[in-house]
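Line by line, the protein sequences give chains L and G.
Residue 43 is where the first sequence starts when you use the working numbering, and the numbers rise one by one after that.
Residue 118 is where the second sequence starts when you use the working numbering, and the numbers rise one by one after that.
It is worth saying that the hints were derived from the structure and are not from the lab.
Since the model is a prediction, treat every value here as computed from it, not as a measurement.
Don't take each hint at face value.
To be verified - Covered stretches of chain L (chain G as the covering partner; in silico rule of three or more C-beta atoms under 8 Å from a C-beta of chain G):
#, segment
1, 47-59
2, 98-104
3, 130-143
4, 219-227
5, 233-244
6, 267-276
7, 282-295
To be verified - Capping the alpha-carbon separation at 35 Å, the derived lysine-lysine pairs in DSBU-like fashion look like this:
#, chain 1, residue 1, chain 2, residue 2
8, L, K310, G, K377
9, G, K638, G, K668
10, L, K311, G, K377
Even for Gly, the Cβ is constructed at its ideal location relative to N, Cα and C.
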Amino acid sequence: MATILALVLVLIVIGSVSFHLLSPWWLTPIASNWGYIDNTVILTFWITGFGYIAIILFMAFCVFRFRHREGRRAAYQPENNRLEWSLAIGTTVAVAALLGPGLFVWYQFVTVPKGADEIEVVGQQWQWSFRLPGRDGLLGTSDSRYISSDNPLGLNPNDPNGQDDLVIVADDLHLPLGKPVKVLLRSIDVIHDFYVPEFRAKMDLMPGLVTYFWFIPTRAGTFEVLCAAFCGVGHPEMRGSVVVENESAYQAWLQKQQTFAQLSARAKKVNLRQ
Amino acid sequence: MVDIGTVEVIPPAEVEDVELYHPKSWVTKYVFCQDAKVIAIQYSITAISIGLVALVLSWFIRLQLAFPGTFSFITPSNYYQFITMHGMIMVIYLLTALFLGGFGNYLIPLMVGARDMVFPYVNMLSFWVYFLAVLVLVASFFAPGGPTGAGWTLYPPQAILAGTPGQDWGIILMLASLILFIIGFTMGGLNYVVTVLQGRTRGMTMMRLPLTVWGIFTATILALLAFPALFVASVMMLLDRVLGTSFFMPAIVQAGEHLKYGGGSPILFQHLFWFFGHPEVYIVALPAFGIVSDLISTHARKNIFGYRMMVWALVAIAVLSFIVWGHHMYISGMNPPFGFFFATSTLIIAIPTAIKVYNWVLTLWRGDIHLTVPMLFALGFIVTFVNGGITGLFLGNVIVDVPLSATMFVVAHFHMVMGIAPILVVFGGIYHWYPKITGRMWNERLGQFHFWVTFLGAYLIYFPMHYLGFIGVPRRYYELGETAFVPPSAGTLNVFITAAALIVGAAQMVFFFNLIWSLFKGKRAGGNPWRATTLEWQTPQTPPGHGNWGKELPIVYRWAYDYSVPGAEQDFLPQNQPPAKRMPVAAPS
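Assemble the whole structure, with the sequences as input and the hints as a guide.
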């Protein structure tokens, strides 16, 4: 039994490492500036993987070498201060090696660069909507009191900053390649989470709060948006798309979008006709 | 070499023996029983029974993930009800109840040398309130609309709004059941703590307690401090749901309708929930740490390495576990600078935890390792716990958590570290103490079979699952559908995982068969089949009788780990064995 167990433990180590190296399953190709995040993931793999292999192999050795045989007697050693403290210090160093780079990248993650374009993501069961600031570069204020079928995102109709905001309800979001963007997130019903695996960054939409994160799209393409916070039975169907494209394509797309003022005017007309 | 193991006689203090309640009828002996050992069995059977429901639910979850849309009885609503109930049952009603109510009740009085818990009547009430909580939980399966499907974290506003299954009755019964559970637990928990502090026999100093008792003791203190946060959160959410208050409910427009809520904070619930929820991980883990220490030491015939460090590591983990809850909320929109604090505190907790792992494996070093079934489970625990622990270093380090949170990586991580690892210890513990509880041995072959299938199967389920998370497969998805970034091979992997899960689940029947069969047909075990040092193995009767000890309480002369002491005749010295008399020097008369 001891031989079998020791062998199995060694096989677990070999199997796990080979699985990691050989299996086709790994992070999706990145499409944002957060390559640092991938690097910290890989660093964590190296450090913790070393610990894992060392501990399991040590166990395998002990299980085999110190297996019970007739007449065998264990050693008696309650403590070994030197050994215990050196292991504790070694672990502390390893933990610091993980934490230092991790916090460094987190600092970048929470520090939005000046000049990042603000956009807004609005979640509701079970669709994604977006708002862009329009010509003035400013998003108008919003409040859920204002939400109605004519004003699905609840923009403040009295705020001049909001009149030229581009309102995109349940349609794709387009972003220009290579420009930092600060994503403001707002939910009008329950908690959602704006999740594009290729961007690495994600953040909850917390009703009652406006949350944010920032990133730079670095690869053109169409990326699927998923919801990563359970939001009811329609949770898996809450999908959207982000199209990252060059500046001219982006400008062309912008021209086709409706401003809040245009939407309100049209809504008024429809109401009058009825 | 330090003096921790050396024998020192503590003069017997004048401790009066306690007056025990003696049952007079079948009902007071087996139903409304005040004997901690019977209460332990009641707790264990109830917890394992409801745990079997969770096991079956996990099969349904896996069937859906491997073969989406194949089974008509798994609708999206059902699926979310299954995952919610599976999680809630496993964490609270199985693991918490089994470790503290089951192992705690059986082992604390016996291991500290007491006749019973200090408040036997309250102890009895504790079980029956827990039983009621389980009944209310079960009732929600039969309520109109079924049990809640809000996810085991019950996050508002979702939990109490339309679009969540069980929004009518399920959530109300769930919250009521949690409230009952906490009331029941508090009665038991106070008992465990006071018994460890006040009920120890003569000579049983705190630093002579077996680590099992230390683990259960610290876990109980954690639970007594953490559960109140869940209690108030449950009451507040119940008020939001029933009376229309807005503790956790901001202004909400759902499906075009302005709801009458406003001004509350859903993130407040998350803080309350995880202020309970993170210590909860250690409420499950610390008893497992303690038990596994004793299993390894006993079956390696060697004292646990670094006992004092082990005790202080337990205490350090317990204290730190109260300041790490924010790592569950890194992407909740909590003020981002909090990430620095919670990542730091979370990674610091890895240090005492790693020390415990080192000391377990160092206990094996130069041991005399008997690969009994309990020992196999203990060693299996180390593998799964180390694996689950290091993935915790991924998720605890705030920036690494960002891409991995809410994916299958998280599911794999917490199942490995607080599902599989503690459950392996539960099995190890049951195999270890079963001979004491029943007086009989189980079938070794069946036990070994149970170990290999469970250990290897569980590893095959959860190790590859992490990689689904790396791809980015989100958790809590009824079906993934057409998702561009997920390769079709991920579907194959899901089928493989489901096959392993079904096999591992089915193998548990071997365990139950073994327990029941051995109850009647097992070999007589004798009082101390493992030749262990701790007091529960030194009882005059096996199974221990009412009041545990004979006329006299045992007196403790040594720590719990006098294995293979040089010069001793046997390779173990029971805690109540007096020190060898020195040969009297011939005194001149």
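Those earlier numbered hints the structure runs against, lowest number first: 4 and 7
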